[in-house]
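Engineer: Single-letter residue listing:
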Amino acid sequence: MKKRLAILALVTMAVVMVALQVRTQPTAVSNLTSASAAKRIVAAADDSAINSDALAALNSMGSYLRTLKTFQVEAVTTKDDVLDDGQLIQFDTHVNLLARMPDRLRVEVTSSRQHRFYFYDGKNFTLFAQRVNYYATVPAPETIGKLADELNDKLGIQLPLEDLFFWGGPRSKVNEITGAIDVGPAEVGGVTCEQYAFRQPGLNWQIWIQQGDFPLPRKLVLSTLTDEARPQYSSVLQWNLAPSFNEEAFQFQPPTDAQKIVFAGEKASDVAGN
Amino acid sequence: MNRTIQKSLVALSVLLLPFSTILNAGPGGGGNHSSRGSATSSVNRGNTSNTNRNNNTNVNRNTNTNVNSNKNVNVNANKNVNVNVNVDNNRGGYYGGGYNNGCCYHQSVGGAVATAAAVTATTMVTAAVVGSMVNTLPPSCTSVIVNGIAYQQCGSTWYQPQFSGGNTNYVVINAPR
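Heads up: the protein sequence lines correspond to chains A and B, in order.
Position 63 of the first sequence, counting from 1, maps to 71 under my numbering, and the rest follow consecutively.
Position 177 of the second sequence, counting from 1, maps to 180 under my numbering, and the rest follow consecutively.
Careful: at least some of the hints might be erroneous.
[To be verified] Taking beta-carbon pairs under 7 angstroms as the criterion, some of the chain A residues facing chain B (in silico):
id, residue
1, Phe-174
2, Trp-213
3, Asp-235
4, Ala-276
Calculated directly from the structure, the hints in this document are not laboratory data.
Don't be surprised by glycine CBs; every beta carbon is placed ideally from N, CA and C.
When you get a sec, could you build the whole thing from the sequences and use the hints?
Structural biologist: Rendered as structure tokens:
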């Protein structure tokens with residue numbers, strides 16, 4: 009009888025121990041999970057911090073851009089439109105930009121829907137829509153940077169690749185950056201670059217900066233965070249730092265059959281006359 | 004360099020002329036897709052929500068349905084007139100039968116005329132509201148230059164072409180002259 013009781017007690021203990029083990033196992037697992045989650049959170053916190061090398065690279069690119077007197081950039085850009093239901097529609101554009109700092113600019117924008125020219129000769133800005141053969145001209149401020157702001161604020165037109173004129177200058181928003189990562193080396197169009205990722209309010213963006221003595225932006229990807237669909241803009245840039253041109257490249261000569269129109273908000277009577 | 008650019012400009016404009024016609028005609032099919040915004044394309048512009056001002060890619064052109072129904076009425080009236088001619092010629096029993104039901108013949112002609120008149124009265128062209136904006140012009144417009152500025156006259160309605168944001172659209176205006 010005693011022997012039976014002892015066996016029963018042993019069995020009971022074994023069952024209890026197994027049960028305990030079963031109960032403790034998940035606890036151990038969940039402990040592990042929360043530990044790794046904590047590690048990940050720490051890592052994420054590191055990511056969103058500002059890598060000083062990344063920020064320095066962005067600043068030296070800006071400084072370098074501001075030393076350029078003339079340049080030509082050919083860029084292939086993509087831009088997402090967000091439909092009302094959140095679906096993304098991507099549009100491709102080819103941009104050919106010629107700039108002579110600080111006050112001459114010619115931009116040709118070609119897409120499957122539009123063929124546009126922007127002329128800025130330091131005095132006037134003309135937008136020429138070749139397919140519909142319309143153009144409109146307004147007086148322009150004294151620098152390309154101011155022109156970009158005026159076009160945006162008054163006419164609702166964004167100058168293509170306008171960042172090229174803002175980095176390294178007072179209009180740069182580098183101070184708004186809340187996160188900076190040095191992703192590592194990456195090639196863009198056969199050019200070795202360093203890839204960086206930045207965060208700022210409403211925007212996550214990446215830039216590929218050419219390595220070496222000419223720290224030029226070679227690629228950009230912007231993800232807009234203010235729309236839950238997160239539409240993207242991207243551009244891949246090819247640079248020519250010794251373009252050939254003359255003064256008339258920046259002046260608009262209307263084709264004989266082109267027609268003058270107005271910018272929205274302008275009064276026709278204000279621009280009429282010639 | 005300038006010459007080259009000018010030449011290529013002219014060459015391009017010639018090349019693209021057919022496209023402009025196609026564009027003006029408007030793409031067929033599809034529907035109206037309106038977008039709520041687009042991707043930000045500048046990191047130094049601040050947090051601008053790039054709302055599209057002109058986002059309808061496929062504009063459905065409204066054909067005037069009133070005119071169409073009017074056409075149908077005219078066809079009916081013509082048929083009746085043909086019957087009338089046949090009756091005058093008095094060709095045989097087949098038509099005689101129709102004639103014998105003369106009440107109907109007269110009634111139908113009268114009815115048709117009355118209908119046509121009524122429909123004609125409803126085909127009054129509704130004038131577009133001044134200040135309203137369209138992405139595509141209605142058919143049959145004429146380009147008119149007034150004081151160096153281009154306008155589009157479409158029947159009695161005048162449109163002011165304009166660059167609105169990155170796009171071209173047309174605002175209904177009072178006649179500029």
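Engineer: Hey, does the A/Asp-235 contact hint survive, CB to chain B under 7 angstroms?
Structural biologist: Holds, because the Cβ-Cβ distance from A/Asp-235 to chain B comes to roughly 6 angstroms (cut-off 7 angstroms).
Engineer: Hold the hint about A/Phe-174 up to the distance rule: shortest CB distance to chain B must be less than 7 angstroms.
Structural biologist: holds, 4 angstroms
Engineer: Using the nearest Cβ pair, does A/Ala-276 come within less than 7 angstroms of chain B?
Structural biologist: holds, 5 angstroms
Engineer: Please check whether A/Trp-213 passes as an interface residue: C-beta within 7 angstroms of a C-beta belonging to chain B.
Structural biologist: Interface hint status for A/Trp-213: holds (5 angstroms vs cutoff 7 angstroms).
Of the numbered hints given earlier, the model fails none.
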